[in-house]
Amino acid sequence: MVELWNSIILEPVLNSLIALTTMVAGNFGVAIIVLTIVVRFALYPLTVRQTRSTKAMQALQPRMQELKKKYAKNQQKLQQETMKLYKEAGINPLGCLWPMLIQLPIWIALYQSIMRALAATPENLLDLSKHLYSWAAIGQAVPLNEQFLWLRLSQPDRNLILAILVGGTMWVQQKMVTAPATDARQQSMTQMTTLMMPLMFGMFTLSFPSGLALYWVVSNIIGIVIQYFVAGGWGYLRVPSAPKPAPDGKAVPVRKLPQSQQESPTIKKASKQKKDRFKK
Amino acid sequence: MVKLSFISVKLSKALLVLLLLAVLSLAAFSCVAPSSGGGCAGPGAQGWSGFASYDGILYLGSMDGKVLALNPSARSERLMFPSERDGEWVLRLKAPAPSGGMCGPLGCAPAARPVAIYGMPAVAADLVCVATYVGDGGKVMAINRFAPGYDEEGNPSWKKQGEWVYPRGQDSFIGAVVGSPVVVEDTLYVGSSDGKVYALDAVYGDKRWEFDTGAKIWTSPAVKNGVLYVANYEDKLYALSDQDGSVVWERELPASLASSPVVSDDTVFFGTFDRYLLAIDSGDGSDRWRFPKDNPADNWFWAAPVVRDNVVYAGCLDHSIYALEASTGRKLWQFVADSPIVSTPVLVDGLLVAISDSGEMYVLRADSGVSERTVSIGYSVMAPLYAEEDMVYVHARDGGVYCIDVQTGLIAWEFSSIID
Chain A
32 MVELWNSIIL EPVLNSLIAL TTMVAGNFGV AIIVLTIVVR FALYPLTVRQ TRSTKAMQAL
92 QPRMQELKKK YAKNQQKLQQ ETMKLYKEAG INPLGCLWPM LIQLPIWIAL YQSIMRALAA
152 TPENLLDLSK HLYSWAAIGQ AVPLNEQFLW LRLSQPDRNL ILAILVGGTM WVQQKMVTAP
212 ATDARQQSMT QMTTLMMPLM FGMFTLSFPS GLALYWVVSN IIGIVIQYFV AGGWGYLRVP
272 SAPKPAPDGK AVPVRKLPQS QQESPTIKKA SKQKKDRFKK
Chain B
126 MVKLSFISVK LSKALLVLLL LAVLSLAAFS CVAPSSGGGC AGPGAQGWSG FASYDGILYL
186 GSMDGKVLAL NPSARSERLM FPSERDGEWV LRLKAPAPSG GMCGPLGCAP AARPVAIYGM
246 PAVAADLVCV ATYVGDGGKV MAINRFAPGY DEEGNPSWKK QGEWVYPRGQ DSFIGAVVGS
306 PVVVEDTLYV GSSDGKVYAL DAVYGDKRWE FDTGAKIWTS PAVKNGVLYV ANYEDKLYAL
366 SDQDGSVVWE RELPASLASS PVVSDDTVFF GTFDRYLLAI DSGDGSDRWR FPKDNPADNW
426 FWAAPVVRDN VVYAGCLDHS IYALEASTGR KLWQFVADSP IVSTPVLVDG LLVAISDSGE
486 MYVLRADSGV SERTVSIGYS VMAPLYAEED MVYVHARDGG VYCIDVQTGL IAWEFSSIID
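Line order of the protein sequences matches chains A and B.
Note that the working numbering gives residue 248 to position 217 of the first sequence, counting from 1, and the numbers run on in steps of one.
Note that the working numbering gives residue 240 to position 115 of the second sequence, counting from 1, and the numbers run on in steps of one.
Okay, chain A solo, but in the shape it has when bound (with noise of 0.2 Å):
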């Protein structure tokens, strides 16, 4: 299994990378950012699709609470009326999470491939030999110069200029994207998806190397671009945050979405002169 997933997916990930660093003038952190941004592009369909299907999720949520209302004591009738909504709007409530199961194992061939093109040890250096072509740009790439601006891309970034980026970018990304919460328990599980996760990752860049912490930054970078352009503006960062809870344990009626999230007449004129001036 392991050798499948080599010779399939990380070798050809991890001797790209290299040759890549090869034609960049022996840069390897200009080689982590071209990379990154080729494969962000290359699965652009598929983030593209995640988003809509996210969106047309949350687009749906105003009808959802009304079904709350009206269903909140027969749970299986809630149930059966939520796929019934889902079904007529032609959504599949999991669909946005294929595009990201797809894009999951690239993801992690990228992060193993900067991990061990960076051969921090000299085990790590001879255990990169078992997964090289035998491509002339790679002989010369190799070892990789590790410097990168301020960083040395095999070490952790340790003046905490990456982690805030990591972090900061990654809550950024996030927030574009995460619905407000409607009730309590929601509401915890959105704040802790959304602090716990940028958090985390601001904390690995503290220990891992910053070659990865780079790639990190980068990607969320462009995954903030797309979420940018694809959903219409900056989602929901600009709405304020979770709603409190009122004393009685029943959340707050719900918040007005953003422009960006309605489905308003103004908006669809808006993006309809917008998809006629691309067509031009």
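Please keep in mind that the hints were generated in silico from the structure rather than gathered at the bench.
No false leads were slipped in.
Pairs of lysine-lysine residues, derived as DSSO-like cross-links and limited to a Cα-Cα distance of at most 27 Å, are as follows: (1) A:101 to A:118; (2) A:118 to A:99; (3) B:321 to B:332; (4) B:361 to A:161; (5) A:161 to B:456; (6) B:418 to A:161; (7) A:115 to A:101.
Short derived list, chain B residues pointing at chain A, Cβ under 8 Å: (8) 398; (9) 399; (10) 421; (11) 467.
Pulled from the structure, derived: some chain A residues nowhere near chain B, Cβ distances all over 12 Å: (12) 51; (13) 54; (14) 64; (15) 69; (16) 80; (17) 253.
From a predicted model like this one, the values you see are computed outputs, not experimental measurements.
Backbone N, C-alpha and C fix where the C-beta goes; we use that ideal spot for every residue, glycine too.
Add chain B to chain A, keeping to what the hints say.
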């Protein structure tokens, strides 16, 4: 309390699980271990250091910071280790963490990393010199080979025993050292990850000179006829005066050195990362030959070549051991082993002894490459082999030291350097 829609909950949970899975996969699938002894080679990668021998005692380092003095006689009698009567000892080196510990929102913690010894020790009169790898940093330490004068905390008492540490001071480090230090007369030469070559007084530990090559050095220097040959990881090979570090010549190579250079007569031999074995003139750095002539080999010549009687014996990670004519690079014979050759082979009385990554030892006729016998160690070997008379000493990846009689193929004794 109003319950969530099961779909929303399911989605959120699925997303969380997915993210956690991703993080776990990243951690599990990768080689995140910049500290010594770990990484892709796994935690069992103990034996990198080769042997130095003096007055019948073998000295070696370990990846968990130990320096050991072994007496083969005591080991063959299976006496309790260390047998002090027979000049044996073990010293556990402790080094303070290099500056710049890990910082987080809650403050900074020192980057505690173990001391590792990759290179083989060097003996200078009454001292055994080792160079260490401690995360980003390294030190060169000289230990009294009769009575190691370090206290239990690992602090040297060098004023009493003539021992020294370079650089002095708990917070002073040079770059991490991977290659072996080399002692010629009373000077010790060592290359470091900070890109510098240091020449130290082998008796007192004072710096005589240093030369900055500008990029990481992971190979050992070679010294001959007053010239020191050292290569860095930016494709540069330097010939320096061993007196003051001045440049005799330098040249840019097509790729960096995968093996340490070896000098024989007027030629420098080494393997490169573009999969060739190169021979260059030691006087001016001009090319003599390269092997293979046209297409590169299937992998790197990682092990330092061995040269004797106008023949170069080179182990390659493509599983082959090559014998080449030293003056022309013409292939004399080739032996294909069962796995990559990482360890430097050794010559014993007309026999070439090489060991593969799988722990299979091959005893070959040096003139023809015909296999006389094989011995299975069972553990991969990365450290260079060492021979005295008919005995070959192997420091395996599991930390085991094996003494093998090449004439009979029997393991005379074995010893584990993994001791409490």
